[in-house]
Amino acid sequence: MEKDLQDLVAAWLRNAELQPARRDELLNRLRTDDAFRREFVGEIQMHGYVRAAQSAEPRWPLLEEAMGGHEDAPGMEDSIMARLAQMPTPRPQRIWNPWWAAAGFAALVVAALVVVRQVNDPATPVPPAAPALGGAPQAPAVAVLSHVVEAAWADGEPERQEGAELSAGWVRLALGTVQIDLFSGARLFVEGPAQIELRSPTEAFLLMGKVACELGEQARSFRLLTPGLSVVNQGNSFGVKVSELGEQEVHALEGKVAVSRTGELVTSQIAAKEARRLDDAGLLETPFRPEDFPAMERVREREQKEVSRLLAAWRAMADDLDRDPTTRIHFNFEEQSSFDAALTNRVRGEGVGSDGQIIGARWAQGRWPGKGALEFRGRGQRVLARLPGKFTSLTLLAWVRVDALPQPVTALMSSEELQPPTGQEATAARPWQWLIKANGQLAFNLHREGGPAPTQWDIHPAPALLTPERQGQWLCLATVLDGEAGVLTQFVNGLPVARHKVPPGRLLSLAHLSLGNLTPADAEARLGASFGFFGAMDELLVSVRPFGAAELRRYYEVGRP
Amino acid sequence: MNHDIEALHAAIDEVLAGHRDGFRHIVREYGLGVRGFIASQLYHLDDVDDLAQDVFLAAFEALGSYRKGDDFGAWIRGIARNKVKMYFRTRMRRENAMERFRSEVSEVVEADLEKASLAVEDEQLARLLHCISKLPDKMRRIIQGGLEGQKAQALAEAMESSVAVVYVTNHRAHKLLRECMQRKVA
Chain A
0 MEKDLQDLVA
10 AWLRNAELQP
20 ARRDELLNRL
30 RTDDAFRREF
40 VGEIQMHGYV
50 RAAQSAEPRW
60 PLLEEAMGGH
70 EDAPGMEDSI
80 MARLAQMPTP
90 RPQRIWNPWW
100 AAAGFAALVV
110 AALVVVRQVN
120 DPATPVPPAA
130 PALGGAPQAP
140 AVAVLSHVVE
150 AAWADGEPER
160 QEGAELSAGW
170 VRLALGTVQI
180 DLFSGARLFV
190 EGPAQIELRS
200 PTEAFLLMGK
210 VACELGEQAR
220 SFRLLTPGLS
230 VVNQGNSFGV
240 KVSELGEQEV
250 HALEGKVAVS
260 RTGELVTSQI
270 AAKEARRLDD
280 AGLLETPFRP
290 EDFPAMERVR
300 EREQKEVSRL
310 LAAWRAMADD
320 LDRDPTTRIH
330 FNFEEQSSFD
340 AALTNRVRGE
350 GVGSDGQIIG
360 ARWAQGRWPG
370 KGALEFRGRG
380 QRVLARLPGK
390 FTSLTLLAWV
400 RVDALPQPVT
410 ALMSSEELQP
420 PTGQEATAAR
430 PWQWLIKANG
440 QLAFNLHREG
450 GPAPTQWDIH
460 PAPALLTPER
470 QGQWLCLATV
480 LDGEAGVLTQ
490 FVNGLPVARH
500 KVPPGRLLSL
510 AHLSLGNLTP
520 ADAEARLGAS
530 FGFFGAMDEL
540 LVSVRPFGAA
550 ELRRYYEVGR
560 P
Chain B
0 MNHDIEALHA
10 AIDEVLAGHR
20 DGFRHIVREY
30 GLGVRGFIAS
40 QLYHLDDVDD
50 LAQDVFLAAF
60 EALGSYRKGD
70 DFGAWIRGIA
80 RNKVKMYFRT
90 RMRRENAMER
100 FRSEVSEVVE
110 ADLEKASLAV
120 EDEQLARLLH
130 CISKLPDKMR
140 RIIQGGLEGQ
150 KAQALAEAME
160 SSVAVVYVTN
170 HRAHKLLREC
180 MQRKVA
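Those sequence lines, one after another, are chains A and B.
Going letter by letter, the first sequence gives residues 0 to 560 in numbering that gives the first Met the number 0.
Going letter by letter, the second sequence gives residues 0 to 185 in numbering that gives the first Met the number 0.
Chain B extracted, bound-state conformation:
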């Protein structure tokens, strides 16, 4: 992530000096990255936002322990990772086998997901919406529709296509988005 480090440090100093409004800068700068990181692992968007808020509150409390020079994105993702683990752990006790399966998948991919998150530049994320707008119509419809719940089936019916085609199209759209985000930065 290529955030403005000086501005970040100034915001941290401001918060630690008692001017908590400086924390708005941190929420704005890292909000999308944190929510995206959590949303890649959690299904309910309400849960994503609740957890993201908890992450920022925990980051506020622990801000004094952040050491300048560290990657702040990695630091706050560390907090997010803990929150996601706790989320899965509490749900595993009461949920079914599929929830346990998702929790196991989450553990297996944890290191790769962090690696992938480190590789995404801030500017790339900022251009995501622009890149979505450049997708071909069909792809944009699928990306905008999302695939959760029954949406894949509903989308397939609306587009007079099959669910498999919807997934494949979504997969291709992701590739195009990644390329677009990288191209713009370069």
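Chain A extracted, bound-state conformation:
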């Protein structure tokens, strides 16, 4: 056990005090040395499990006598159940989502249109587990969640992502800071813990927490209500805080602010750089403390740090993928110039040097500032790649941002193989297609034995999950074909969403790959069919081994923006 690890564990367990310089040294190593961090995590994780397993009184006799299995401490269980008795029964959330109806209707329309490619009997899918991709707006949006910095949502709140539209309703933040841009032009910086209800583009109600509100020149007026106050922004910025005990303060951060007590018509003006607190006697002067409120500069600074941390964690994981001997293609879209016409394959083993050729697609920003991506705008745009060999198993993983699904079928990736003459089918590698249908179904099509291209496909669809509310967000899509077991599984954001049985042992080829598009067959071309992808991609992995569900879940967790 090396000294740094021992010192860190000792400090963590409160057995040692560390000097500031030593603390900085260890923190720096934790941040920069992945192996060291993993070792430390392994140590504290096992320590936690051992302590938890042994801590309850009944545990020791169990350990001494039975030495197998465990039951949780009855004390804790009973204590929880006793406290539950005083709580109301939870209710299932019933969310009516207009997009589901729209998607269902679209699916009917699309089903009639997609016959060109999908006239054959699809393989029977095993009923998938319902995925949990939530976050859909329930009513017309009134704002956009523009920035999320070190935030943790309160229990029961959806895991909102940056860029999500917000409908009228409550936003409950446990920790961190978020920037909410209302459609009126008002900009709210909310610091957790906070509970705020967005009522309309021009009004919000702060029950608890701290909010700084800015109004630009283009914005309309905005009113922030609290349990005792009504604060109207007249074109500058103000801060409001409501403590858990109900103490309320208003600070005029820039320019003057109009304030009135709830239920009163009289309005007071707070001059710039002054503050008032609500008291039984009215609004009293209180020290002006702008530093108490989240400010754009500080939010940006913290955001920058968080982005750096996330990017570093993803880069470490991406590096591991490059070293994996089963990885044949890993486009991470990093360290490339916006003029590059080739996409660098980062693998270190077989496949090294087989870069992609970019046709028409443009360089853009990926999941984080500083991370590259390629943006596709349909039609002819694509990336071509070639890889030798035939394989029975395959993992395809891509981080994509789907901007639109304007045509019946959109191609994510496909192999475009020339068909060998009849009679050689048994040994030939089969073409395949990785697609998204207009109704939001991810699908993997595998060419049938002996069938003429392009109509004879076994289609393996997932449920329609990539629905309009997911468009514009970064999604982790994966398809795993376990050729030995004869199972094909689709994943969205690390969760398995569909499983299909496929004949085992089929050979697949990666020899001619097309990313983001698909060359239509003659008949399709005559009908004007187009398969071009509208969106962006900032990571693509092709491996010739089937990845496990836990592994894909980890890649999603580390890679999610």
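By construction, these hints were calculated from the structure, which means they are not laboratory data.
You can take every hint at face value.
Simulated pairs of lysine-lysine, DSSO-like, Cα-Cα distance not exceeding 27 Å:
hint, chain 1, residue 1, chain 2, residue 2
1, B, K174, B, K133
2, B, K114, A, K2
3, B, K67, B, K114
4, A, K304, B, K114
5, B, K174, B, K114
6, A, K304, A, K370
7, A, K2, B, K137
8, B, K174, A, K2
9, B, K114, A, K370
10, A, K500, B, K67
11, A, K272, A, K255
12, B, K137, B, K174
13, A, K500, A, K389
Stretches of chain B that chain A covers, calculated by requiring three or more beta carbons in the stretch to come under 8 Å of a beta carbon on chain A:
hint, segment
14, 13-22
15, 29-36
16, 49-61
17, 74-82
18, 105-115
19, 123-131
Since we're looking at a predicted model, the values are computed, not measured.
Glycine included, C-beta positions come from ideal geometry on N, C-alpha and C.
Starting from the known structure of chain A, arrange chain B on it as the hints suggest.
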């Protein structure tokens, strides 16, 4: 975590239908995992248990928002993570530099700890006590003794050894435990 998903969903349905006794199943199934997750970050075991209880109460309240098909372990660890963050945040205001240091360490390792938690199978946890019992005597003494507070020093004295040796032995014991837990599952 490989819990019985059908039983979990049945328990959730039961609770949502007003039969709160179904929640016992969830506490039993996820109790050790949640407490272990919290105990890996918090020092005082009393705090661990208090926080674990708060986590389960919050999970009960929010149970209606859990979406079947999600990893329930990850969902409840999300609640636990928030509670731990709040714990550190409230303590940071009044505690010393070492407490702030631990809070910073906790933030830095957060993603890795979640990743590591995802990788631990339920059966592995269930076998932990059995695996402890299989450790060599010296290691078992250290593992059972724990290393908190002055215990490392006391253990070292009792075993006529040094604190460094106690840490190294503990480290090796963890490796053996991990191997044992994985071997049994395989």
